Amino acid sequence: NIGLINSLAAYARTNQYGFLESPYRVVKDALVTDEIVFLSAIEEADHVIAQASATMNDKKVLIDELVAVRHLNEFTVKAPE
553 NIGLINSLAA
563 YARTNQYGFL
573 ESPYRVVKDA
583 LVTDEIVFLS
593 AIEEADHVIA
603 QASATMNDKK
613 VLIDELVAVR
623 HLNEFTVKAP
633 E
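In my numbering, the protein residues as written are 553 to 633.
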């Protein structure tokens, strides 16, 4: 389905090797910062990736005790840090 592939790559970019890199916002001490990093699929495995739908308050702090995440290519839940 070409529409699905287009939507997944809407914010991605290609790196010097032609691989897609996706943008992610950095979270520090449960605070969602404005810092954006681009990671390839290989680089993503080393990071804890939270769902974009994680609940934040008006100060951009993650408020749930546990957040759905992907880490080491596994889906789990973790406390926001």
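Please keep in mind that the hints were generated in silico from the structure rather than gathered at the bench.
The model shown is predicted, which means the values in this text are computed figures rather than measured ones.
The reader is advised that the hints may include incorrect statements.
As a list, the in silico DSSO-like pairs of lysine-lysine whose alpha-carbon atoms are at most 30 angstroms apart [to be verified]:
1) K611 with K630
2) K611 with K580
3) K612 with K630
4) K580 with K612
5) K630 with K580
Verification of the supplied hints:
A C-alpha spacing of about 20 angstroms is found between K611 and K630, which places the hinted pair at or below 30 angstroms, so the restraint holds. With a C-alpha separation of about 13 angstroms, the suggested pair K611 and K580 falls inside the 30 angstroms cut-off, and the hint holds. In summary, the hint linking K612 to K630 is supported, as the alpha carbons are separated by about 18 angstroms, within the 30 angstroms threshold. Among the hinted pairs, K580 with K612 is consistent with the structure: their alpha-carbon atoms are about 11 angstroms apart, no more than 30 angstroms.
About 14 angstroms separates the Cα atoms of K630 and K580, which keeps this hinted pair within 30 angstroms; it holds.
In terms of the numbered hints stated before, the structure departs from none.
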